Amino acid sequence: MIWWTHLDIDSFFASVEIASRPYYKGLPLAVGGSEHSRTVITSASYKAREYGIKAGMPVYEALSRCPHLIVIKPDMEKYLSISKEVFKIVQDIAGNVFPYSIDECFFCSTIKDDLIVKSLMIKKTIKEKLKITASCGISTKKIVAKIASDENKPNGFFVVDDPLNYIKEKEIEKVPGIGRKIEKKLKSYGIFYVKQIDEIPFSVLKKLFKHYAYFLKELTCLKINDDIYKRIDIVKSVGNTHTFSEDTFEKEKILSYISLISKHIEKRLLDDFFEGNRITLTVRYSNFQTFTKQKKLERYIHEWKDIFEETKKIFEKIILTLPVRLVGISVGGIRNRGIYQELAFNGDFDKRERLKEYIEMIKNKYGESSILTLRDLYVSDRKIRGNRIIF
Amino acid sequence: MNREQIFVLAYFGKGKIVPKTFFWKGKTIKVEKLTYSWKTVDEDGIKIHFSTISGSFYYHIVYSLSTNRWYLIDVESAIV
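Residue numbers (the working numbering), protein chains in the order written: chain A, 498 to 888; chain B, 22 to 101.
Calculated from the structure, these hints are not laboratory results.
Please note: incorrect hints may appear among the correct ones.
[To be verified] Facing chain A, a subset of chain B residues (Cβ under 10 Å, in silico):
| hint | residue |
| --- | --- |
| 1 | 54 |
| 2 | 56 |
| 3 | 60 |
| 4 | 61 |
| 5 | 62 |
| 6 | 68 |
| 7 | 70 |
| 8 | 72 |
| 9 | 74 |
| 10 | 79 |
| 11 | 81 |
| 12 | 99 |
| 13 | 100 |
| 14 | 101 |
Given the structure is predicted, the values throughout are model-derived calculations rather than measurements.
Glycine is no exception: its CB is placed at the ideal position from the N, C-alpha and C atoms.
So that you can see chain A by itself, here it is in the shape it has in the complex (with noise of 0.2 Å):
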């Protein structure tokens, strides 16, 4: 029998930063953009959260919670080389690590006992060397593992000797896997712990929440299999969001930042040889209402003039209904480009290649807005959030 390890450094991006400034020590602390840059809380401390204030809060109402509250800008990079840390030294102690983000893993051992000693040394090694503390949760399956690294924390540990009785006296929020909506749909048919779920039948199941029932029976008798847990690390999708400093209902304003999404997720296709053939557009209203539309194309695409294009199809068809907050897109369908390349035959393309090297070459030499096309003059605030790749 395998037994799993889930180790999560507790409140990640926070406690690096009060390690660092340790004058914050006791402090709430939260780690986000500034008051008017509109951005949300990604971290808070331990202090900050007995506010209520929890990660994905907009910072100006965890201000308006906590006027008092210390925040910090975020710091990617120094989390990312503390995250390599933290793994490394659980490689180095348990000598297999599974990571599942930047401040999560699972690592396995058939001894129970072997684990649990490794599990304490490797917490105990982080807070020497790091500085932060970490929760263990200990469990013959990844799943009720990660639900007991939520135990006691921070600095938690704990182990769970009987996963089955464990997970179905589980609350049914505290379940990963289940979100807020399948949470609310559960709880308005009366269903509050995993438990409850067993006394449905599946043919009932099946009728209210579809392939998601497979899911919900799987939980209460853990058949899950441990592989859902696994990061994958193939690219599904390249996207990129944008939050506008006011909230806007200007189609021109918000069209130029669609434009200005689009080039630079052809930068990112561009770096990773990447094209893709389903583009998703997202919209987030004032209140947060938040929808998405979908288009599935006949081809390949890579260059920002056909993500623009595709997307202000997209876009056109909306009809707005309230001031947008925030615009997103999204490319999916995602696979490798170059054998695939469409033949240069006709000398349009070469010319066009030829421009956009040229128009490559002026951006990296004099700056990213040394060149601009008509439609960029709208914009006024280049920086776009999530300047990553989407699994």
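Please arrange chain B on chain A, whose structure you already have, making use of the hints.
Same frame as chain A, now just chain B:
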């Protein structure tokens, strides 16, 4: 992040780099506490970052392994 080149007296040995004193704006600043360090890699090579406290200020300094130069990245008050 803005960065300003600075001169640093540091200890190099036993696989460690420990900044001891640095000179900035005509002042000599003694590193009283080295609170944190981490490593980043970019197109210019490996950089080692240090969070330090001197007096009532916090300093974020960085050492570039490829150019052997030190930079000051950030200064803030360490008084809360």
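Under 10 Å is the threshold here; is the Cβ of residue 74 of chain B close enough to any Cβ of chain A for the hint to stand?
With a minimum Cβ separation of about 8 Å from chain A (threshold 10 Å), the hint on residue 74 of chain B holds.
Less than 10 Å between beta-carbons is the criterion; does residue 61 of chain B satisfy it with respect to chain A?
Interface hint status for residue 61 of chain B: holds (4 Å vs cutoff 10 Å).
Would you check whether residue 54 of chain B satisfies its interface hint, that is, whether its CB is within less than 10 Å of any CB in chain A?
Cβ of residue 54 of chain B sits 8 Å from chain A, so the hint holds.
Holds or violated: residue 56 of chain B as interface residue toward chain A, Cβ cutoff 10 Å?
Nearest chain A Cβ about 6 Å off; hint holds.
Does the CB of residue 100 of chain B sit less than 10 Å away from some CB of chain A?
holds, 7 Å
Hint check, residue 60 of chain B versus chain A [nearest Cβ-Cβ separation less than 10 Å]:
For residue 60 of chain B, the interface hint holds, since the closest Cβ of chain A sits about 5 Å away, which is under 10 Å.
Residue 62 of chain B as chain A interface residue, shortest Cβ-Cβ below 10 Å
Where the cut-off is 10 Å and the nearest Cβ of chain A is about 9 Å from residue 62 of chain B, the hint holds.
Close enough to count: is the Cβ of residue 99 of chain B nearer than 10 Å to one in chain A?
holds, 5 Å
Would the hint on residue 70 of chain B be counted as holding, given a Cβ-Cβ threshold of 10 Å to chain A?
With Cβ-Cβ at 7 Å, under 10 Å, it holds.
Minimum beta-carbon distance criterion (10 Å), residue 101 of chain B to chain A
holds, 5 Å
Does residue 81 of chain B pass the interface check with chain A, least Cβ-Cβ distance below 10 Å?
holds, 8 Å
Chain A contact restraint for residue 72 of chain B - C-beta distance below 10 Å:
Holds: closest Cβ of chain A sits about 4 Å from residue 72 of chain B, inside 10 Å.
Checked against the numbered hints above, the structure breaks none of them.
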